[in-house]
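Turn these sequences into a full structure, and let the hints steer you where they fit.
Going down the list, the protein sequences come from chains G and E.
At position 357 of the first sequence (counting the first as 1) the number is 1376 in our numbering, and the numbers step up by one without a gap.
At position 574 of the second sequence (counting the first as 1) the number is 1593 in our numbering, and the numbers step up by one without a gap.
These are calculated hints, taken from the structure and not from any lab test.
Among the clues, some could well be false.
To be verified - Distance condition first, Cα-Cα at most 25 angstroms in a straight line; then the derived BS3-like pairs of lysine-lysine:
hint, chain 1, residue 1, chain 2, residue 2
1, E, 1623, G, 1672
2, E, 1610, G, 1672
3, G, 1277, E, 1327
4, G, 1225, G, 1660
5, E, 1672, G, 1660
2 protein chains.
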Amino acid sequence: MVDKPTGETTEVGSFWKNLHRLKLFDYNHERIPAEPSFFLASFSRQKEECFIIKDRETFFTPAQRSQIVWKILTRTGFDEKARDKPGVHQTGIRRLLNDKTFSAAFPLHDGPYDEDDFNGEPNDRRLLYTEWAHFGNWYKKQPLWLIRRYFGDKVGLYFAWLGFYTAMLIPASVVGILCFLFGVVTVGTDYNTPSREICNETVGGKTIMCPLCGKCDLWQLQDSCTFSKLTYFFDNPATVFFAIFMAFWATSFLEFWKRKHAVISWEWDLHNYEVEEEPRPEFEAAVTTFRINPVTQTAEPYLSFWSKALRMVIVSSLVFLLLFIVAFVVVGIIIYRLVMMSLLYTPRDSTVQDKTEASDTRIEFFQDNAKIITSVTAAIINLVIVVFLHNRVYYNVAIWLTNSEYPRTQTEYEDSFTFKMFLFQFINYYSKMSNWCRRIKYSSAGDPDAPGFLTRWEQDYNLKKADQLAFETYLRLITHFYTCEQSDGHLWASIMLALIFYSAAVIQYGFVTLFVAAFPLAPFFALLNNVVEIRLDAYKWITQLRRPLAERVEDIGAWYGILQGITYTAVVTNAFVIAYTSDIIPRLVYKYTNEHGTLEGYIKNSLSVYPTNRYNYTNQQKFKDNATEICYYRGYYEQPKDNDTAPFQPTYKYYHIQAARLAFVAVFEHLAFALTGVMAFAIPDVPREISVQIQREKLLATEALYESDLAR
Amino acid sequence: MVDKPTGETTEVGSFWKNLHRLKLFDYNHERIPAEPSFFLASFSRQKEECFIIKDRETFFTPAQRSQIVWKILTRTGFDEKARDKPGVHQTGIRRLLNDKTFSAAFPLHDGPYDEDDFNGEPNDRRLLYTEWAHFGNWYKKQPLWLIRRYFGDKVGLYFAWLGFYTAMLIPASVVGILCFLFGVVTVGTDYNTPSREICNETVGGKTIMCPLCGKCDLWQLQDSCTFSKLTYFFDNPATVFFAIFMAFWATSFLEFWKRKHAVISWEWDLHNYEVEEEPRPEFEAAVTTFRINPVTQTAEPYLSFWSKALRMVIVSSLVFLLLFIVAFVVVGIIIYRLVMMSLLYTPRDSTVQDKTEASDTRIEFFQDNAKIITSVTAAIINLVIVVFLHNRVYYNVAIWLTNSEYPRTQTEYEDSFTFKMFLFQFINYYSKMSNWCRRIKYSSAGDPDAPGFLTRWEQDYNLKKADQLAFETYLRLITHFYTCEQSDGHLWASIMLALIFYSAAVIQYGFVTLFVAAFPLAPFFALLNNVVEIRLDAYKWITQLRRPLAERVEDIGAWYGILQGITYTAVVTNAFVIAYTSDIIPRLVYKYTNEHGTLEGYIKNSLSVYPTNRYNYTNQQKFKDNATEICYYRGYYEQPKDNDTAPFQPTYKYYHIQAARLAFVAVFEHLAFALTGVMAFAIPDVPREISVQIQREKLLATEALYESDLAR
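Right under this line is the structure:
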């Protein structure tokens, strides 16, 4: 109702603008002007004279026009004859889409993106293409208001969020690289005494290690020299600092996004949408119980509290069941590998001696190729299950479950659906990730609890290859995991749009925060990826995809809650990753319990003894043709005595280190949660400038109200 | 502006009202009618016709009238001559109070509380006295709206909160009593095998324990039979359950208070006060920098961000320094006792043999009375410091610090002051409490780390007496700690009112939640105390104290944040109390690591051995005139060998139990925080009925606005 341009907008962030005088990072203001700022109000045709209308053609933005058309389409009847019949709703484009009468409905693009309009003026699509989607602009800010004008609030908010996330990754990357460099620089110093001892002739050269698999040979500790140095790059004292830093980073990410969102929400007038939002047509059609809305005093379809609660309970239990199945599949594949390996690797003992030669040869063949056979079959099973579960089952089950919840509005529907889909994906991806994470650390630095079943299998991996593979998987996950999903035919459904784009970034956020203690370079790779991804996404939206239906949203919906959940979880996972997979705690315990107070002798101290006469093969009792009576393995166990029923008794050092690990977890978590809690409390949710603006608008509105009241 | 009675109010909580059809717990509705409900709006003399005014005398409540008078008084000039001089503010009652021209300013009570008015109608004070302050009403609801009408929002809100807290204590008391009863009932069963073994002739009767102090005798484990049973009442498996339950209880307390507050805030129209609130006169007088308020576009005194930040940093560091001093004093007294005890108790060795007889006798005297001397001097020091710090220093320092922060409004001032005072009191009371808590558990069930310096001192207490004393202190703290403060002459200052009343209850809340694992009956005693306290407070306010100045508030201010902080801390403290002071973890470890899977033999397992030939006195090497070579003490240590430099080496069991304790802390905290987090998320902050009412009011206002707009 009020139409004065609010000049104060330009004050917002003036401090930063002064810093960025260079304008290097700004988009080209000659082609795309700065965002015009007006006081916005709901349009009403009766009060047309109150609005600034320069041109009736362009008064509504393209996004708004497509929204208006869509509203009209959803309310247009298509069967003149059925109109009189009671109870039959023959209205709306959605119904026709569901009936497959039409295969899709979407707004058209403004014009060609690869040439200017005939009058030489570029259309919005062309402008976005040259100034935003082009990869040459990778270092520039995004023209968010133009994106919003063209694609609507939802897509605009997505790119605002992605840009913000990418910018926030810069400090994390810098600190991560510094931590990695700290490892590189100090690899030869006293910080890394254990590596020096491993590479040393007198310690590493004289320590004969136990065989790593059923048929393997004894080996020299010195052989793992290079690998122990490589491990140090990722697992050094700076890692603890970095994990704490990332807890802070994640909290500030959430807090600053709240502020950023408050600014966007004020500039784009996103608030109050959810209150105004109308029920979904499906909800109106499906729900047959009515009530008088206590607010508007009109009748409306309504689900009673108990009916809703019952639905929620059933749906939640189904979701948990499914999550359980998903987790079970992931664990199942691990177990399958374990069982296969152990079956194929079991050393032939005396009981099979009487089998025929032929079967023996076949067994030999399987044993020789056990690794390949197991890997290939497991990979195939994995692939089938992932493709099947992921592309077919998850989506359909989530849709079905969400439908049977009868969410009232589109926002509720999307939040509920998003949350379910994310849970499925989360279990799927992170269980693999944590598995890898455990494996790399275990095999390099941790303590394989005993040279028993699990450990033999774990260490059987050709370590370097496994790491390479894992690393590649990791990168592929970060950069390309979503590409396979984009072939999905549901792209017109906005719900999938939001899901596909946010979920890639949010899962990446999870990788960056949850296991950052295991790989400090993760934020840097995520940054590289996102810089590319923004422009790649933009290119796709502008040139390759149908133009999506513009939609109004209030915020990023369920994703904020998910990000919050990940942030809390990250503190816990990082505490455990450092405590249990890194070598830091055992080293510290050793350092502060021995007399000389240094790490010297740590390696010898961390090894346990095993008598070689328990092995079946002769090569396992000799090293370089010298018979050895004992071999070493990592862990804190008593040397087994003859006729011992329980061979691997932990020593007091084992319990001491366990206690120290748990103490570290407790201290780390309390510290991180307390400090981030204080930080979250200290950073106001709404920037001062915006809260002042909002108050001012309220005051003006109140004054206008008083004046109109007095004028009566 | 709208004046229709909102009939829907009665629907609020209709469910509960149906349950309470008995009306037993309601106040007497014949004497005090139910709260009348109107749509409230800021009064404006121009629009008098819009308000329902039955009687101009009673249109404003007594509280509002006293507020109006106070506003007038604070703005009345008292020096006619000075009025023309620029820069001299000779206005306001506050200035006169500060100058001691007047000694106090407060509203008068309505009339006598002990007889009806001359016309037979009771005045509000009399009504409150008979229907609320009388102890016979202890089981009834409080007539909150009448309290508010008489005393104003602030006092009304306090009693609403206290009543709510008391009601919430009922379930906690019931569960606490059940847990205690579980202990009483199962004291003779298999749950308490350790006690049975202690009382047993073959185990407890044959175990000779090491002396508990420098000059004490050897003793029999059986002697502690009764005490071990008593301990079991408070430290049994139900305690863990109760600690988890209390974590939930505390979270629901906060969440339900939010809902309750939403109801009260809506019924009493408390919102929006802080936005309207005017700066304190002191702020206006002290701050000389001005700015144009960006909202109202008028000039106002203003502290720049950096100036405020600087003040905050300085004040916070001073507060931390003071907290440090307070904590240091508490620890200091403990250290003083320790040093005194050890000095006086040191057994005479050969080097003092050559001293004179006289000095020897004197030393003997001191040694014999060491306990009394130490206790008395420590108590005196403690008393002096507490009285001095508490009644003089804290208050003045907090006032001074808050003043130098220049808070803008009265609400900000009170929040800041409250927070500081609470921190001081918190450190003071809880450090003592946790000390006691540690002591009682230690002496009864925990492991005195080694029979060394600290332990000897700890166990030197005559246990039963110490516990009696501690228990009495505890009860006194709960029930009467604030009485000494009420003699303070500042009662007219509302800030002290709020502080004194809330802080007693909040510190009690702390006792109820923080150390509940140590004493499950705490909620019950708190409940008893609060039932008395409500009526006692009421009696004081009605009959003994000056009537306080009515004040508007929006909520309970800084106290909510403090309660939240206590609730989070409680999860952590309870985890540690259970893990470190209770016997549960060592018992569980024993139960699941031995072969037979029961607690049999636990007592013997938890004792360590010490050779008696290391003691100086002959009575410490003989028990009942039989020489014994070894004695036992609680703990997991190796038996010291001859010429051992480090006599008390922990065994692997020690580390195993430490690891189990920390694992318990981790599991307990993660579980409690995750579940309470989900609960806090699931319970909406505003009850449905109220949010509907608020929306409805908004809608009506919007419609009225549209209509008035159209009418133009």
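Query raised in the report: Quick check: which numbered hints come out false for this structure?
Result: none
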